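Undergrad: The task is simple: from the sequences and hints, build the whole structure.
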Amino acid sequence: MEENHILFESYLSQELSQDDIITFESRLKNESDFNQAFNTYKELSSFLEHKFKNEADSTAFQNNLKTISNTYFEKHETAKKGVRFKPWQYAMVASVALLIGIFTFNNFSSPTFSDYNNYETISLTVRGAQDDLLKDAENAFNNKDFVKAKAVFEKLLVQDDSNKELHLYRGIALLELDEFDEADSLFSKLSKGSSVYKNKAIWYLALSKLKQKDNGACIKILKTIPEDADAYNEAQKLIHKLE
Amino acid sequence: MSEKKIHEDQKYIDGLLKNNSFIIQAIYDKFVPKVINYIKQNSGDSDKAQDVIQDTLLTIYNQASENKLQLTCPFDAYFFLLCKRKWLNELKKSSNKEVTISEDLLSKGDDAQELAFETSVFGEKQALFTEMFQKLGTACKDLLTATFKIKSMEEVAKKLGVTYAYARKKKSLCIGKLTELVRESPKFNQLNN
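Here the protein sequences come in this chain order: A and B.
Following the working numbering, the numbering of the first sequence begins with 1 at its first residue and continues without gaps.
Following the working numbering, the numbering of the second sequence begins with 1001 at its first residue and continues without gaps.
For the record, the hints were derived by calculation from the structure and aren't laboratory data.
It should be emphasised that the depicted structure is a prediction, and the values quoted were computed from it without experimental measurement.
Treat the hints with caution; some may be incorrect.
What the hints assert, rightly or not - Below, simulated DSSO-like cross-link-like pairs (lysine-lysine); rule was C-alpha separation at most 30 Å, straight line:
no., chain 1, residue 1, chain 2, residue 2
1, B, K1092, A, K241
2, B, K1092, A, K53
3, A, K53, B, K1169
4, B, K1048, A, K66
5, B, K1092, A, K66
6, A, K42, B, K1149
7, A, K192, B, K1092
8, B, K1018, A, K51
9, A, K135, B, K1004
10, A, K211, A, K189
11, B, K1187, A, K66
Said to hold, decoys possible - Not everything, but these chain B residues come out facing chain A in the computed CB check (under 10 Å):
no., residue
12, N1042
13, L1091
14, Q1126
15, L1144
16, Q1190
17, N1192
Note that CB positions come from ideal geometry on N, CA and C, so glycine has one too.
TA: Below, the structure is given as structure tokens:
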């Protein structure tokens, strides 16, 4: 380990011979642990350099920021304290509540998967050589051609298996094609990960259960969607309808 | 990464970086009220909002000065997303739940989402690095502080009363130690996934 760290430093300060550089760079390419350690080392060097070199500027910025912030909050926020609701505002809240009541009352029919499979159009076009395939995937998905979408997602995933977004869309395509086993295992894998698609995956796993008419499992899964997830409100409504 | 067009709101980033009071003031006047409202409507108050906003602006400043931050979307959206994410994380921390980050899916490769995500990961890494740096032994902390403040390793060696070669070696071993501490922390693995 220590040898590696000394090597990292020599590489970063450009003190290696031409041959050693070649060896070093090929290790970066071929040894993933070496590569990760080097990148963290480099990141930390840059962090430390910045931390100490910019200390004076950074302190000046923080002080200035604090002053402006305090002035702003004293002026705007204390003035607003003590504002009360006016009677007409209560009336407005009450009438909105009434409308919501009427709406939910009329909405008692039992929910099905088809109430929920209106996906927003996706857009995958990113830079790089895969653009054509991405475009194909995007078009197929947006035109609800899930057979084709599934095939293209699979091709893309061969090139980049770490792309969680593509995994999620592939899952949706599988779900649309009633390939439940595969869809469910994919969603539950995503939902246990830490990607930004985690909560979406839980939501689609629940929808899959709904489509399979397993309402009990659906409710159970919906209840694991955390409050700050985008699907939280919708999930709560669905639980309410199913129970 | 392809070259994307820099948004005209880059002026706010540059202004922060130059510690330009007019720009900072303009950010408060234009963009802060929305954040305060959001936090107040989501179980916070104006004191909490003040802290979140200050921390967020500091993170943007740090990223801009360390990594060059290029804004490809309106500052408004970027700033709001960052504050929102920070606030939701604080809520989760105080309610002792697992810290996960939820994101609007199908966000259409949205620049604001992407940039806000990068910046918040940057901020969390900085906090982690700072925490781990504190865990180093005094000898390492002193040596690294001297190394990065003074720049010239000869001077560092003289100041610490050691040989140049020893100072050089020690520097890499100390950063190495820090590297290991960081890589072993569960938080780091979470951030890198």
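Undergrad: Now look at each hint and say whether the structure bears it out.
TA: Each hint tested on the structure:
As the CA atoms of K1092 (chain B) and K241 (chain A) are separated by approximately 28 Å, the hinted pair is consistent with the 30 Å bound. Note on K1092 (chain B) and K53 (chain A): the hinted pairing is violated, with a Cα-Cα distance of about 34 Å set against a maximum of 30 Å. Restraint check: the Cα-Cα separation between K53 (chain A) and K1169 (chain B) comes to about 21 Å, which is no more than 30 Å; the hinted pair holds. Annotation: proposed proximity of K1048 (chain B) to K66 (chain A) holds, straight-line Cα distance about 14 Å (limit 30 Å).
Using a Cα cut-off of 30 Å, the hinted pair K1092 (chain B) and K66 (chain A) holds, with the two alpha carbons roughly 26 Å apart. Between K42 (chain A) and K1149 (chain B) the CA atoms are separated by roughly 18 Å; this keeps the pair inside 30 Å, and the hint holds. For the suggested pair K192 (chain A) and K1092 (chain B), the alpha carbons sit about 18 Å apart, so the restraint of at most 30 Å is met. For the suggested pair K1018 (chain B) and K51 (chain A), the alpha carbons sit about 17 Å apart, so the restraint of at most 30 Å is met.
The straight-line distance between the Cα atoms of K135 (chain A) and K1004 (chain B) is roughly 19 Å, inside the 30 Å bound, and the hint therefore holds. With a C-alpha separation of about 19 Å, the suggested pair K211 (chain A) and K189 (chain A) falls inside the 30 Å cut-off, and the hint holds. In summary, the hint linking K1187 (chain B) to K66 (chain A) is supported, as the alpha carbons are separated by about 29 Å, within the 30 Å threshold. A distance limit of 10 Å between C-beta atoms decides the matter here; for N1042 (chain B) the minimum to chain A is near 9 Å, and the interface restraint holds.
Taking 10 Å as the C-beta cut-off, the interface hint given for L1091 (chain B) holds, the closest approach to chain A being about 7 Å. Hint on Q1126 (chain B) holds. Least Cβ distance to chain A is approximately 7 Å, under the 10 Å limit. Using the Cβ-Cβ criterion of 10 Å, the hint placing L1144 (chain B) at the interface with chain A is satisfied: the shortest such distance is roughly 6 Å. Because the beta carbon of Q1190 (chain B) sits about 5 Å from the nearest beta carbon in chain A, less than 10 Å, this interface hint is met.
A hinted interface residue such as N1192 (chain B) counts as satisfied when its beta carbon comes closer than 10 Å to some beta carbon of chain A; here the least separation is about 8 Å, so the hint holds.
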